[in-house]
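Peer 1: Mapping to full-length UniProt numbering: the sequence shown position 737 is 737, numbers consecutive.
Hints are computed from structural coordinates only; laboratory data are not their basis.
Hints are supplied without guarantee of correctness; some may be wrong.
[Claimed, not checked] Calculated cross-link-like contacts (lysine-lysine; reagent style BS3-like; alpha-carbon spacing at most 27 Å): (1) LYS436 / LYS106; (2) LYS800 / LYS64; (3) LYS259 / LYS118; (4) LYS145 / LYS62; (5) LYS845 / LYS800; (6) LYS201 / LYS106; (7) LYS62 / LYS84; (8) LYS259 / LYS240; (9) LYS145 / LYS23; (10) LYS240 / LYS23; (11) LYS608 / LYS646; (12) LYS8 / LYS84; (13) LYS327 / LYS359; (14) LYS800 / LYS23; (15) LYS118 / LYS62; (16) LYS701 / LYS653; (17) LYS800 / LYS40; (18) LYS800 / LYS62; (19) LYS390 / LYS259; (20) LYS64 / LYS145; (21) LYS40 / LYS80; (22) LYS40 / LYS23; (23) LYS84 / LYS106; (24) LYS390 / LYS334; (25) LYS84 / LYS194; (26) LYS62 / LYS40; (27) LYS608 / LYS800; (28) LYS353 / LYS334; (29) LYS145 / LYS118; (30) LYS449 / LYS800; (31) LYS259 / LYS327; (32) LYS64 / LYS40; (33) LYS608 / LYS705; (34) LYS23 / LYS106; (35) LYS8 / LYS62; (36) LYS449 / LYS436.
[Stated by the list, open to error] Here are the computed distance ranges between Cβ atoms for each label pair: (37) GLN13 / ASP243: 33 to 41 Å; (38) GLY872 / VAL61: 45 to 53 Å; (39) ARG630 / ILE328: 17 to 25 Å; (40) HIS358 / THR423: 40 to 48 Å.
Glycine included, C-beta positions come from ideal geometry on N, C-alpha and C.
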Amino acid sequence: MASIIDVKFEHYQGDALGVQELKPRISWRFQDTPTDFQQKGYEVELSEISLDSQFVLLENVKCKSSLSSLVPWPLSQPLKSRQKVSIRVRAWDENGYSTPWSERRKIETGLLVRSDWKADRIVAPWGTVLEPQPEQLFRREFSLKGQVSEARLYITAQGVYEAEINAQRVGDYFLAPGWTSYDSRIQYQTYDVKSFLESDKNCIGVRIAEGWFCGRIGFEGGHRNIWGPHPALLAQLEIKYVDGQVEIIASDHSWKVRKGPIQLAELYDGEKYDATQEVPGWSYPSTGSDEGWETALVMEPLPASIELTAGFGEPVRRVEAIRPVHKIVTPSGKIVLDFGQNLVGYLRLRNIKGPRGHKIVLSHAEVLENHELGTRPLRICQAIDTYTLKGDEQGESYEPRFTFHGFRYAQIDGWVSEHDLETSIEAAVCHTDMKKAGTFSCSDPLLNKLYQNICWGMRGNFLSVPTDCPQRDERMGWSGDLALFAPTATLIYDCFSMLKNWFVDVKHEQRTLGGVPSMVTPNATLPDPVWCRRIPCAIWHDVTILGPFALYEETGDINILSQQYSSMTTWIRKIPRNSIGTTHLWNNNIFQLGDWLDPAAPPDAPWKGATDAKMVANCFLIQSLDLIARVAGILGRDTDQDEFTKEAQNAKKDFQAEYVTPNGRMVSDSQTAYALVICFNLLSPSQTERAGRRLEELVRKNEFKIGTGFAGTPYICEALVRTGHTQVAFSMLLEKNCPSWLYPVTMGATTVWERWDSMLPDGTINPGEMTSFNHYAFGSIAKFMYERVAGLQRLESGWKRFRFAPRIGAEFSQASASHITPQGTIACSWETNASADGLHTIKMKVSVPHNTICEIVIPDDSVGETEIVSHGEWSFKRTFSRDYEWPVPILPPKA
């Protein structure tokens with residue numbers, strides 16, 4: 001019997017508290033649907049939730065529609081601040097069958113307008129200090145006036161915060177409120193704190209540290225105080241009593257503040273915690289004096305131009321704990337713990353014992369070099385946490401609150417407790433709390449490990465914003481990395497809300513810079529006239545188009561295109577063109593980063609790749625023009641669509657004249673050049689065939705080793721498959737010699753590296769300055785693994801139609817993939833077996849969710865057989881002959 005599950009508002013998972021949505025759209029999925037069930041209509045029951053948790057019916061809406069994803073808000077009136085509502089849904093088919101009511105889904109809005117905020121912005125009275133400062137402890141005592149019905153804490157900071165009520169931690173967010181373009185908007189959080197309140201006296205306490213807001217950010221030393229001179233707090237506790245009274249405990253001059261035990265809270269240099277400076281009971285109602293506490297200073301209100309918003313993304317959380325797998329004694333006698341996984345987070349210590357004032361020092365690094373901690377890649381970043389003991393004989397515990405590190409190895413200096421290190425220390429893994437969206441596995445163990453490394457790399461670098469790396473003096477939201485990785489990211493994790501949130505800031509920074517997007521968002525390069533470049537740059541600035549379109553393709557959510565459309569069009573029209581000759585291409589005088597980190601580039605000049613950087617820029621110009629023409633059509637902007645379509649056609653003609661011979665050879669005779677022109681459809685059919693043959697020649701000549709950087713890597717294997725060279729593509733995918741995807745795996749990597757050879761074969765670290773061991777960009781190959789090895793390919797936005805078409809090759813004997821789509825979970829798998837007569841049997845299985853169509857391409861001895869199926873569980877079995885040579889021979893050298 002069909003039933004409705006997974007009802008949700010917008011892209012929120014589960015019930016949502018403190019959201020910014022005025023008219024949230026609604027989605028649901030089906031389970032146990034008969035093959036003949038097709039939704040003909042739906043009914044939504046919308047109720048308001050009263051203070052005593054009763055459901056008061058507001059509206060019951062029936063609609064004849066097959067739509068079940070992002071259904072428009074059923075009321076004409078938008079939600080108001082603090083409003084709590086619930087919905088439940090049922091649907092019917094053309095035969096009159098009606099599903100049962102779904103479970104209720106609840107949503108509560110936050111403070112939607114500035115006038116809802118009664119809180120003052122408060123700071124410590126010691127004011128601006130240029131050097132890093134200790135954390136600040138704010139507190140406010142209060143007494144309840146009766147029985148509490150409901151209590152909400154609305155809170156944010158210019159900086160990072162943790163809140164407590166009566167000595168209990170509020171919420172589980174890490175580094176709240178997150179990183180945004182603080183000169184445009186600051187996110188706040190909403191917490192249900194009724195259970196924290198005691199019947200009489202209470203106390204709210206908030207820790208504040210500098211975080212991204214005024215701490216040191218950026219490479220080459222970075223800058224402090226980019227968005228402000230000191231941290232500030234904005235907090236509003238609203239208590240509703242059963243008799244209808246409402247009391248607001250808001251940050252103001254009645255709050256007290258003092259310095260806390262965290263003496264240093266730096267994102268790069270680490271946290272220094274002095275337990276001898278702890279303030280016992282600081283967030284609990286006091287019984288003594290306020291000695292040591294000062295009155296908080298009230299600042300002027302936030303400018304009206306800065307939005308206070310709940311934002312859209314999931315919070316950063318501590319999502320996992322990992323125990324060390326090895327204890328190492330280095331040649332210099334240092335104790336190092338190996339956690340077996342390059343991760344992002346910090347160390348959590350238990351059972352600490354020792355004399356008062358004794359220091360334990362925790363140093364972090366991603367790799368070992370010469371059997372010692374390899375810290376050179378950290379550049380101007382200490383990545384050291386220090387804990388000073390208070391001398392508690394019962395034992396002490398410590399974990400940082402306001403810093404994070406990228407590391408696999410941790411050196412522990414000063415451990416004097418009788419408890420073993422391995423049982424007393426664990427690593428807390430931190431990242432934006434994204435829901436896993438996909439899985440992949442195959443018969444090749446190294447490829448499975450590569451996929452796991454890609455997932456770990458994405459996790460570590462999706463921390464509030466999509467960063468480039470998590471370990472050195474950088475960790476910024478680089479646009480180029482995301483532009484190329486977004487189509488892969490959406491397959492692995494549900495990152496829509498996080499990236500939607502980030503793109504709001506991308507749009508703001510673009511306005512600030514006069515239409516040219518920032519290279520990093522939030523723009524932490526602002527104080528530096530060199531890095532705060534207003535010069536247009538292909539790929540990096542193309543993120544304004546490539547990123548939102550990838551989110552639309554994954555979800556079918558047209559709103560992300562509407563939200564970012566002005567950003568897209570502003571950028572595409574801002575690109576400077578040539579004044580003579582090829583007037584529809586990039587201005588040749590503009591410096592381009594091109595195929596960044598091509599393995600042929602020198603370690604100290606990663607932009608000097610084998611492919612003409614201007615050609616690469618123009619490939620992405622045409623791709624962006626093609627995509628924005630599609631976006632304009634989707635949004636019904638016909639005039640814009642005509643404009644961009646014509647411009648794309650003209651640019652292609654200019655491109656052909658400038659870079660392509662009539663027979664399909666590229667003037668830049670490189671792997672990246674051919675990969676891009678093939679995948680971006682820049683050639684005629686005959687030219688494409690010739691380009692594919694030349695690409696195959698180049699790959700064979702290079703012994704299947706990779707010859708691409710950031711720009712070409714997402715497309716190289718796909719270009720080979722599209723032009724009929726599947727086995728060559730698999731040879732490249734499975735190559736183990738450097739440079740290749742599997743070389744780092746053979747070197748023990750557990751994340752994706754920034755350089756193909758971040759670690760050299762002799763175990764030493766690449767001498768280049770940019771040598772991260774956790775960069776996700778080259779992990780874009782996972783999309784190819786999904787689509788060609790497992791065979792799972794999206795055909796329509798939102799996965800309403802997909803294809804299951806594995807490419808049989810190499811020595812793969814099985815592969816599987818799954819993906820959570822708006823309609824439900826798709827799962828597909830295949831396996832082959834050889835028989836005595838030389839033939840092979842393939843068994844294919846696919847699970848198709850409701851309201852979804854699947855094209856199944858079954859390999860056989862001819863061109864393949866295609867089956868079109870709807871929702872259900874399907875399996876097929878066919879016999880075929882293996883008609884390819886493996887391993888593929890390397891192209892012999894010319895005589």
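Peer 1: Run every hint past the structure and note whether it holds.
Peer 2: Evaluated hints:
Our distance criterion of 27 Å between C-alpha atoms is met by LYS436 and LYS106, whose separation comes to about 23 Å. The straight-line distance between the Cα atoms of LYS800 and LYS64 is roughly 19 Å, inside the 27 Å bound, and the hint therefore holds. A threshold of 27 Å between alpha carbons decides the hint, and for LYS259 with LYS118 the separation of about 26 Å falls inside it, so the pair holds. Of the pairs offered as hints, the one joining LYS145 and LYS62 is violated, with about 44 Å between alpha carbons and a cut-off of 27 Å exceeded.
At most 27 Å may separate the alpha-carbon atoms for a hinted pair to count; LYS845 and LYS800 meet this at roughly 19 Å. Proximity of LYS201 to LYS106 is assessed by CA-CA distance (about 31 Å); at most 27 Å being required, the pair is judged violated. As the CA atoms of LYS62 and LYS84 are separated by approximately 22 Å, the hinted pair is consistent with the 27 Å bound. Pair hint LYS259 plus LYS240 does not hold up; C-alpha atoms about 32 Å apart against a cutoff of 27 Å.
For the given pair, LYS145 sits about 35 Å from LYS23 by alpha-carbon distance, which is inconsistent with the 27 Å threshold. Using a Cα cut-off of 27 Å, the hinted pair LYS240 and LYS23 holds, with the two alpha carbons roughly 25 Å apart. Restraint check for LYS608 and LYS646: not satisfied, since their Cα atoms lie roughly 33 Å apart, outside the 27 Å limit. At roughly 15 Å between alpha-carbon atoms, LYS8 and LYS84 fall within 27 Å of each other, so this suggested pair holds.
A threshold of 27 Å between alpha carbons decides the hint, and for LYS327 with LYS359 the separation of about 20 Å falls inside it, so the pair holds. Straight-line distance between C-alpha atoms of LYS800 and LYS23 comes to about 24 Å, which keeps the hinted pair within the 27 Å bound. A distance of roughly 40 Å separates the Cα atoms of LYS118 and LYS62; the hinted pair therefore is violated under the 27 Å criterion. In summary, the hint linking LYS701 to LYS653 is not supported, as the alpha carbons are separated by about 31 Å, beyond the 27 Å threshold.
Between LYS800 and LYS40 the CA atoms are separated by roughly 17 Å; this keeps the pair inside 27 Å, and the hint holds. As the CA atoms of LYS800 and LYS62 are separated by approximately 24 Å, the hinted pair is consistent with the 27 Å bound. Note on LYS390 and LYS259: the hinted pairing holds, with a Cα-Cα distance of about 17 Å set against a maximum of 27 Å. Taking the CA atoms of LYS64 and LYS145, the gap is about 50 Å. The hint is violated against a cut of 27 Å.
Distance restraint check for LYS40 and LYS80: the Cα-Cα separation of roughly 32 Å exceeds the 27 Å cut-off, and the hinted pair is therefore not satisfied. A hinted pair counts as satisfied when its Cα atoms are at most 27 Å apart, and LYS40 with LYS23 qualifies at roughly 24 Å. Of the supplied pair hints, the one linking LYS84 and LYS106 holds, its CA atoms being roughly 7 Å apart against a limit of 27 Å. This hinted pair checks out: LYS390 and LYS334 have alpha carbons roughly 24 Å apart, not beyond 27 Å.
The suggested pairing of LYS84 with LYS194 holds, with an alpha-carbon distance near 16 Å, which does not exceed 27 Å. For a cut-off of 27 Å, the pair hint linking LYS62 to LYS40 stands: about 11 Å separates their Cα positions. A distance of roughly 42 Å separates the Cα atoms of LYS608 and LYS800; the hinted pair therefore is violated under the 27 Å criterion. With a C-alpha separation of about 20 Å, the suggested pairing of LYS353 with LYS334 holds against the 27 Å cut-off.
The straight-line distance between the Cα atoms of LYS145 and LYS118 is roughly 20 Å, inside the 27 Å bound, and the hint therefore holds. A hinted pair counts as satisfied when its Cα atoms are at most 27 Å apart, and LYS449 with LYS800 does not qualify at roughly 30 Å. At most 27 Å may separate the alpha-carbon atoms for a hinted pair to count; LYS259 and LYS327 exceed this at roughly 36 Å. Of the pairs offered as hints, the one joining LYS64 and LYS40 holds, with about 6 Å between alpha carbons and a cut-off of 27 Å not exceeded.
Distance check on the hinted pair: LYS608 and LYS705 sit about 19 Å apart at the alpha-carbon level, within 27 Å; holds. A hinted pair counts as satisfied when its Cα atoms are at most 27 Å apart, and LYS23 with LYS106 qualifies at roughly 14 Å. Between the alpha carbons of LYS8 and LYS62 the distance comes to roughly 18 Å, so the proposed pair stays at or under 27 Å and holds. Between LYS449 and LYS436, the direct Cα distance comes to roughly 17 Å. Compliance with the 27 Å bound is thereby established for this hinted pair.
Checked against the hint of 33 to 41 Å, the pair GLN13 and ASP243 passes, with Cβ atoms roughly 35 Å apart. Under the hint 45 to 53 Å, the C-beta atoms of GLY872 and VAL61, about 30 Å apart, miss the expected range. ARG630 and ILE328 have their C-beta atoms about 53 Å apart, which leaves the hinted 17 to 25 Å range violated. Hint check: HIS358 to THR423, Cβ distance near 20 Å, so the stated range 40 to 48 Å is violated.
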